[in-house]
Each structure stands twice: as structure tokens, then as C-alpha cells.
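Build out the structure end to end from the sequences listed, making use of the hints.
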Amino acid sequence: MIRFRLDGVDVALDLPPDRSLLSALREDLGRTTTKVGCEIGRCGACTILLDGEAVNACLLMLWQVEGRAVTTVDGLAGDPVAAAVMRGLSEENAFQCGYCAPGVVATLTGLFAADPKADATAIAAALEGNICRCTGYHSILRGALAAARLLEARP
Amino acid sequence: MRVIRPASLEAAETLLAAPDARAAAGATALQVEWAQGKPRPAVMVAIGALVPAGVTRRNGTVTLGAGTTLQAIQRAGLPLLSEATADVAAPGVRRLATVGGTVAWGAGCLVPALLALRAEAETTAGWLPLSAYLAAPAGLLLSFRFPEPGADATLVWRKIGFRAAFSPAVIVASGVRDGARLTLAVGGGPVRPALLSGAAAALVEESDPAVWDRTLRAAIDAPACALRSADYRSGAAARAFVHGFCGTAAGSPPARPRPAAPAAAPALRRLSSEIGGARWHVRPDMVDKIAGRAGYLTDMRREGTLVGRILRAAHPHARILAVDTTAAEALPGVGAVVTARDVQGVNAFGIVFQDQPAFCTDKVRYLGDVVAAVAATDADTADRALALIRVDYAPLPVVDDPEAALAPDAPPVHAAGNLVTTLGLTRGDADAAFATAAHVVEDTYITPRQMHGFMETEGGYAEVLPDGTLVVAAGGQHGARDRMQLARILGRAEDTIRVITSPTGGAFGGKDELTVQPALALLALKAGAPVRLHLSRAESVAAGTKRNPMRIRMRTACDAAGRLVAQSVDVLSDCGAYASLSPGVIETALEHAAGPYRIPNVRTEGRLVYTNNATGGAFRGFGANQMAYAVECQIDRLAAAAGLDPAAMRALNLRQPGDPGFLGQVVAPSERLSEMLEAAAASPLWTPAAVTGEWMEGTGMALAWQGNGLGTIPVDESAGEIVLAPDGAIEIRCGLDEMGQGLHAALAAAVADRLGCARSDVRPVTGDTGRAPDSGSTTASRGGYVVWKAVDLTAPSFAADLKAAAADLLGLSSEALAIVPGGVADRGRNDGPRLTFAALAAALGPERRPSARADFSFPKTVHTKGNARFIFCAGAVVTRVAVSRVSGAVRVLDLHLHTAAGPVIDLASYLGQMEGGAVQGLGFTLSEDVVMRDGRMVTTNFDTYLMPTIRDAPARMTVTACESLDPGDPYGPRGAGELGIAAITPAIANAVADAAGRWPVVAPFQPEALLAGALEAYP
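First to last, the protein sequences are chains U and Y. FYI, the numbering for the first sequence is 1 to 155, going by this note's numbering. FYI, the numbering for the second sequence is 1 to 1019, going by this note's numbering.
None of these hints come from the bench; they were simulated from the model. Only a predicted model underlies this, so the values are computations on that prediction, with no experimental measurement involved. Glycine is no exception: its CB is placed at the ideal position from the N, C-alpha and C atoms. It cannot be assumed that every hint is accurate.
Unchecked claim - Computed, partial: chain Y to chain U, Cβ under 10 angstroms: (1) M1; (2) R5; (3) A29; (4) L80; (5) A89; (6) E456; (7) R951.
Shown next, in the form of C-alpha cells:
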């Protein structure tokens, strides 16, 4: 049994320890909010938060998440930083097909949680591992900057 | 696999003595290794908790625990190392990966930096120099230490990669000059990490850069790979050291003619949310996409659904002797195994002609060929079943080059031979004109096998409904055509099949042809249960259609004044194993062979050739962007020869409104080429070329002239339907697909603008043959017209019927009412609806709810001598780039994209199409190519197929739109889907030539060639 916290709920999975977290989420638990793009850590579509930090779910094997907190975009409902990120991205129409979006939301939520004042340079550095094929990235950057303004305006 | 967490280092070492045991800390390299076919170990020994982690700086020594993550090192502010770490992998990987893991792995980019810092390694066997550990790794790594370089030390770090960030290394160069001590090291990628001790000793007193360069090139031992030569590797690393330790002198580029600013620059609207004002709307699908609940077809999870897997060819070219599925069928948990024997109809598909088998029978022609498929209770069982299918092959010689494929003795990919199609035209006398022309330029432009790289790979589900309807739901671009092709394969009436094609996570042409639908359908029918299937990235890379690689030989001439007199064009294109839409692609390329220019004497020839390479097909631009690369470079080269600036040359030769099209056809009104050219000429980016230290900067432009629609010959019909739904939503039903371009936003916008309701009152129904009419394909920049025309034709009668029905209910006259957001209101008052759409729908009941349907054709010419487009859209790209004199890498600094595609339906979607197309074009230009060798992929996944990251996108990008139409132009919005990519490559190429003095003729641009040109221009 591998035990960890998933989106705020304790789970115990009877799965092989070398199964990837991504595969466990999508295939075993049917949690498809987290997307699959390359399965080798090169596109960021499956980015989740591990103890609050953005990492690739496809690179993590279940034994590595034992006892830790895994948060997908499903678990970010109610998170004020994530809410600002999602609103900023939405206002700027950051995405097109949207398949990379949950990974970008996880990355930016991790970034702004650690550094609410992240600027364009920090945002671009944080997003180096999130490939988007549709937008050319400028709309995502504008959305992230809109999120930064929303966070700055918070009381 | 067992995972063991030993209690001590001694216990760990005992466990690791077993041959099939492996130590793991961050474990970030393992998925790549396993994906490349290395076996999984039987035992994983987790040592992360046993090795020290953290950074200490004491008494001039830095100590790193081997368990320190790369992110921690990046943040520690360490000399050289922190900067270096920022260039390794990406943030998500750096949070997991450890420095001990990267050193033990042996190939990490960080190793040369540690070597240059004279690091020592502590292992369970004691301390030793890092170089000694690398030469003979033994024991478990515990920590590293190195002396802090002095405050005035020179620190050099350079990772040369394939793109700006998150790239595998081509080579890494790192060095430290600290007082009288010089340490140099290389490594990264395939380069064995090594100290360059001999070179360092020879250079420590040397100040002549030429000696440095010569000594280092001789000292660096770097291998070649499929993408970069050994000379490039060692030369670029040598240049990095020279630049870092000796500096690079500035140069003075020659003054080249610049466009004169036009008297009155056209007023073009710059597109953005700030300037968009009331025209800027959040797309209706945006919030759900951001929350990850957009309902992609590969996300369907339902109890009782089987998981499908496809068995593909084991050889790129082979005869199939036998297929034995007995053992797979007998495996518990397997619901169905299908092969060609299960195909009831015609075992062939293809949009243009049907040369591709749904399941192979007698031979396989490329690695993506389908031999069998299975459906089982879970993915593991399906994988096991796949492995139990026995296929006996007799391999055939592989033909992997289109030139070789045309040789008389080449192995035939198909029985009828390897030449798929040949076409061309002759107008005037090109040879005579070349003979007397003042200037002639000739070159061969080579374009890549670009991959669509949609983030959601091909996949979906299929099931048989209780009424017998077969539902096939998989990302696509024309559901009705997919249904027709499926019906033919399955031997089943079309009206018994429902095809759902969207939403899909990107397509760009790559989901135009059938992909997984035949396998899904046959599995669901045979298993009698729902089946889902989602290709892995590697399988998608192998199986999916690609952009047809082209070799474009082009000869172009002008007179002394710069007027074009002749052009000859010879295109040889790799079709891959099956035709799909490749015949249309080469035809479109040739239709764009003169770009938007008048050339009196022309000769074109194109040949499309079967090989055992990846199958070509539709991809945004559809051949036109490949051709524009050659044409627009030729124009700039002739301009240089004739002493004209790029804009003057184009103005002199520009086609004029009303001119016949390239094939002699009539062209639609509202041509906006001169407006685009003026905008380009007025650009602030036309500053002189500059050479400052490492970077050579230059500016270039190109014009875009992109045909819309399928052309004269294919059927190009469409339809749309508008209905007041029972819940009061105004449903606009359109069979196009939402694949990211903003179809739902466009439909909502078009209906709301036309009726007067709110966008939120509109419910788009798309991508489902069961719920929307056949609107044709979501390709060829035809969607914008289809949306606009469908609404244009249906809205008037729908609005009249809706108001009449409301008037009837309210006892008023129809003229007294108006449609407003939310419902129907008194005309001339703005106090909200008197009757909501929901109340109206409820009151009317099913018989009386208004609806309207329109069937219409995409606009065409009557020209039938060739397949000719009628509608064209125009654009111009101006870009400022920087080319590195160290690596030959190109950075796009500024990119201005001017577009004229008629009225913009939805501002955000249009802007997105332009920006996204531009960066996809940038990838084609600078980094993307599916490299193949002997019919097999060298680039198998996103570790080697390198699409632009956020760092590769232009640093600054602006998009403008010219929305006007000629008075009386009845054709509405032009296509926006392909305009963004149309002229990116030549604009960057022309800017590179301005910066570095040489036109790149191979895309993606070869840094080796650019570097050679730079060294020639600025030695």
C-alpha cells in the first residue's frame, strides 16, 4: 500500500511502487484533470504540486510520493493564489486548445505561492518546462502578469 | 520492481552489489531511459534519505551534499554553479534531480562546471578528484567540495543546446581563470565530460584568440550525432571559451538599403486585450479548459470501458508472412483482438485516394502501419496481450530518400511505383528570360519533416449504443468525412455511425486524416464493450502524419531595375508511405510558387514520392509556407543584387488587385498586399544591422499570400443551423471542430453580433455528426468564412421568426420588438428583456420554436485546369533577430505581424491564431525536424523533437489587423488559421542574412552554416 495525500484527502493505493504518479492518477484513479503529454518529463502537461512545489507527475514514481501531499488542479479549488492565477489566465484568453492549461496553472500557482511578486522574468523562468503548442506563449505570459496584478491588489 | 529503503549506506551498497539493482535519488532520468528501451531494474534502492543534502560555504570551500537538488544549488548563489544549474533541464525537473544523481549518471550538463571548479567527490570509499571518480566510478556519492574562486576570477559557463531553454546539450564549455590557474572542461550530451588540462596549460599565458581557438579545437574530443557534426561541437565550445576569456571584437556590418517610410503609413489596429476594449471577450471554453474539465475525448473514464492498444509494424518495410493472435486472445482480461481479418468493408483509407490499409495484410510500409489491435480490462493486460501477438516478417529493402526512391531499381513501396504524382506548368519562356536577365539567383531550399506536436495525442473512445449506433469519438477535423471513411472500412451504413471529433487538444492538420478511429471502431464492435485508446507520444511520433519535407530548387531572375522576369521551380517532396493529403500539399505549394508577385516567365515542376518514411499530410500552411520560404528569400537576394531595399523590390513586383491568380484564375476582391507592404516598410525595426560582441543583429521581412479553402476541384460544401433550444439557449450547430482556434468563441460572437443577443445566450454545438450538420473540414483557413456565412444566411429568418413568436405571445407587433441580451425587449428601450429566451422557448413548445438551416458552398472560381484558390489573405512579417557568433544560434528579438484577413470575428481567437502560428513557424525555422534514418525515427519524443519553449518565443511580438473589405465584397472574413505561419520562415531567414551575410537555405537553420558565415563576415 502506498499512502499519500491527494487533493487534501488521504489515499492508500495498492499499486506497483514504480507506477508513475501520472499513470496512477489517470489510469487507476480516473482523475483526468492532469493531462499526459510525453511521459518523460519534457512537456509539463502533467505538472502537479508536490508539497506545494510544481513537478512533473510523469517523473514521480509512487514510492517517491509516499507520505507527501500531491495537489492537482482539482485540489486547487478554493486556493486564493490559484484563483488569481486562473482568473488572470482566463481574462487574457491565455489558452487555445487548453490541453497544457492545468500544468501551467499548477506551475504558476507554485510560483506565486512562493513568490507573490514574481515578475515577467521569473514567470518565464518558471514556465520553461511547460510546452504550449497553440499560443506562442505571449498570451500565457500576459495572463500570468494579470494574475500577478490581481495578487498584488489583494487586501 | 521492488523498492527498498535501506537503513544505512552499508546496507545500500550490499543491495546495490546485485546486478539488477539500481540506486535512485531524484530518479528524473529513469523515465527517459526506460522509454528508450533500457530495462527496468528488479530492485530500486532508494538512497535519497541516506546521502547528505545542503550547501555549506566555509573557509573558502563550498561543500554540496550529493542529495542537494539542482533547484537548491540554483538558489544558493554559488559562483558559476548556480548560473549553470539554471540551464539544466527545467524547474520541475530541478526540484527533483540531485547533484549526486546527475554526476553518477555521468552525462549531466553540470559535470563540466564542477570539473572547471576543481571539485572533489566524496564517496563511500573516500575523497578523490571528480575527474578520477568519472574515470572509474566506485562507491556511492556522498558530497562534493571545491575551493571558492577568487573575487576577480573569470568564470565561463556556456551550454550550447538546440533551443533557448530546456534543451539537451550539444556541448557544454566551462572554465575558471583564478589568478595564474586556468581550468577548462567540456561535456554535456554525447560529449564525454573531460578536463582540458593540456590546452589549459598551453593557454594560461596566451592572449591571441586565434591561438586559443586553434588549440581548443584540437583539444576538444566531441562526437557527431544525427543533428550536429563533431566539428560544430568542438568549434562552438572553442568559440565559447574564446569569447569568455578573450572577448569577441565588435564588427561593422555593411550598410544595406533600408525601406523608405511611406508618406502615410496605414492605420492598422494593434490587437490586445487592453486596446480591444468592448471587443475583447473571455472565450466560452476558457474557464473549463483552465480548470482541466474541457471534456477531451481521451479523458473519458467510465466503468466497464476496455483499454485499447495498437500493434504497429516492427520494420519500416517488410512482407507480412503470418499474424498469430491465438495467445493474445487466450489471455484473461482480453476483450478483443482485431486484425485485417476483421475488416468487413474496404480495407483502405485516404482523403485523396485510398492507398492506406486500416490493418495491414501482406506488407508494412512504415513504422506507423497498423497490424493488429487489442482491447483489455486495463492497460497492463492490453500491453501484455500486444506482446503475445506473433507477426512473422520478411524484411524488404528500405527506401528512405525521395531521390533514391525514383531510381529505376528502387524498391517499390507500392506496386504501382514510387512516383505518386507529378505536376507543373510553363508560362512564357523562362530560359530565354534567364539568358538575358541582369541578375539571377539560384538555390535549393530544404524544409523539415515538422511534426504537429499537438499536446493531446491521437485518441478517444468507441462504443455501440443500445439502438445499434456505433459511436466513434476521437479528435478529428471533419467528422462527416471520418464517418464516410469508417463506413467504407466497416462495410456499414453511414447513418449507423456517429462520429464525435471535438474538443481536441490541438490538431494543426495532424488529425485531418483518420488516426485511431478504425482500430477503436473494430475493437468496440468485436468486444461488444466501450473501448478507449490514447496514443503514447512515441507512438504518435511514429504513426502520425507529418509536414512533407521538400527540396525546392528555385531560380529567379530580374532585370537591372529589379523587375522580375523569370522563375523556375522544381520541388521534390517526400510523401512517406501513404498519400493522405500530400498530393494536395504539393499542388498548393506550386500554386504559391510566385508568391504575391508578377513574374512573366515561369516554369514549375513538382514530384511527390513514396518512401518508407513517416507519412506526410496536412499541416497548417499546407505547402504554401514551405514555398514562401524560398520565394521570399529569392526576392531579398535579388533586391540585394539590384541594389534595392526589400520593400522597394516587392513594391516594384507586387501583383495588383484584379490580376489573375497564379493559375490564371479570378481572385476575390479586397486584396490588401500594398497595405501590408506599406506597414512593413514603415516598421520601426528597420534599424541598421549591428555587430556587438557575441551578437549580430539584423532585420528582415516577408510577405504572406495564403490561399483559403480547398480549391476548385474538391467538394467544398458547408452547412449551419440555428435553433432556439428547449432551455432557451440559442444553439448554433456547426460541424466544424473546436481544436483550440476559438470556434466556439467565433460562433458565439457571430450569432451575438448578428442577432443582438449576448454571447452567453449562444450555445455552440460542434464536432458531432449526431448533433450538427456537415460543415466541411476544419482546415484550409475555411472556418472563419463558414462561421460567418452560416450565421449570415440563417440569422435573418431566425430573428424574424423569433420576434414574430414573441410578438404573438405578447400581443404586440414584431416591429415593436428587438432581440437583446437575455431575450426579447421593446424596441428602443434598454430596460432588459420583456421575455427571456428561456420563457419564450418554454411557451412555444417543440413545434413552434424557431430554427433555420443553410447549406452553402465555400466560394470558388470556375477555373478547372488546375486546382485554384479564389480567396487569399495577405500579411507581412518584419522581424529583428540576433545571431550568435559563438554558437550560430538565432534569437528572435522582435516580431511584427501585420495581417489582412477581413473583419475579425473574435479578437482574442484571431490574435491567438496569429501569435501561435508565428511561433509554430519559428519552430519550423529554428529547431523542429523529425529526423529519420533507415525509416526509423531518430527523434522519438519531446526530449529530441524540440518545439519552442517560452524562451524561444520572440522577446516582443505585436500583431495588427487590417479589417476592411472593398465596397460590395460579399465574402466576409478571410481565413485566420494559416496566415500566422505563412511568412515567418523567410522573414527570419532574411533577417539572419541581414545580420550574418548569408541566407540559410536549410530549415531548421543549421547553426554550423550560420557560424561559418559569421566567421567569414567578421573574422
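Which numbered hints are broken by the structure, listed smallest first?
Number 4 only.
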